[in-house]
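Peer 1: Sequence:
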Amino acid sequence: MDVVSVLASTPALFIGVSLVLGLLVGSFLNVIIHRMPQRLEADWRAQCRDLLDIPDANGEPAQSTSLWWPPSTCPSCGHRIRAWENIPVLSYLLLRGRCSACGNAISLRYPLVEGLSGLLTAAVAWHFGFGWEAGAGFLLTWVLIALSVIDLDHQILPDDLTLPLLWLGLLGSLAGLYADMQSAIIGAAAGYLSLWSVFQLFRLLTGKEGMGFGDFKLLAMLGAWMGWQALPVIIILSSLVGAVVGVALILTRGHDRNIPIPFGPYLAAAGWVALLYRHDLTDAYLRWAGLA
527 MDVVSVLAST PALFIGVSLV LGLLVGSFLN VIIHRMPQRL EADWRAQCRD LLDIPDANGE
587 PAQSTSLWWP PSTCPSCGHR IRAWENIPVL SYLLLRGRCS ACGNAISLRY PLVEGLSGLL
647 TAAVAWHFGF GWEAGAGFLL TWVLIALSVI DLDHQILPDD LTLPLLWLGL LGSLAGLYAD
707 MQSAIIGAAA GYLSLWSVFQ LFRLLTGKEG MGFGDFKLLA MLGAWMGWQA LPVIIILSSL
767 VGAVVGVALI LTRGHDRNIP IPFGPYLAAA GWVALLYRHD LTDAYLRWAG LA
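Numbering (my numbering), first residue to last: 527 to 818.
Read the hints as simulated data drawn from the structure, not as lab findings. We treat Cβ as the ideally placed atom computed from N, Cα and C, and that holds for glycine. All clues given are correct.
Label pairs and their in silico Cβ distance ranges: (1) D809 <-> R571: 44 to 52 Å; (2) T536 <-> L700: 28 to 36 Å; (3) A534 <-> L731: 52 to 60 Å; (4) A534 <-> D579: 56 to 64 Å; (5) V530 <-> W693: 24 to 32 Å; (6) D806 <-> P581: 55 to 63 Å; (7) Y803 <-> D528: 30 to 38 Å; (8) D679 <-> Q573: 20 to 28 Å; (9) D569 <-> L731: 33 to 41 Å.
All chains should be modelled from the sequences, with the hints used to inform the complete structure.
Peer 2: Take a look at the structure:
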């Protein structure tokens, strides 16, 4: 039997392989989370200089860093991370959370992102089983993790991640991967326009901007993947979780009400739940609303 046949006929093995794959991808997600905002900021600065006809500033760093190069280094001392120091989660434990060269603490975020990526990838494999649905679910899961952490750190949802997944969702609908083509197209349009309408109404009433355009694109992406039928559940789940977390931050940590709380992570979490359980959640919602 070939590898594909073995994975298809052995669910436990497929879940285990998916877990390991998710851990490995999680390590690369940490690179994306760290470097992509830096690249975007550098690009924005360069564009502003071009528009304003301002010469490059002395000492402006060269645009040589990419998602792939150079290899990862310790942010404190510049020590190049060796292969054995880059094993997801395990290396963090072996190093006891400290750089082997300078002894400075390694952020707990790195193993958390790796572990979350591994567990969610395994959950997708368990839910869908071997096949294209699981493979596409892996990709969507990884991008949602990266978007969530970047939004928490910088309050941006990069188009470089959101828009390609939106188009992939629409292309997947041609094969009826998660939704038919009509539902996906309506879902993409309705996802964007629904939050855009809320944004415009909120700005009209308060004179403030309640969310960013990246949130519109993220919901449009989720609508393209899962169809318009999943949007009410995603909006309700994300709004409930966002409201609970926001109130909790204000009450427990004295969070300033005027400081915006990123909405992207809540949309991403609700979208991931909807990916696995959208039909059950939609049926439950319709029954609750008396529409079924």
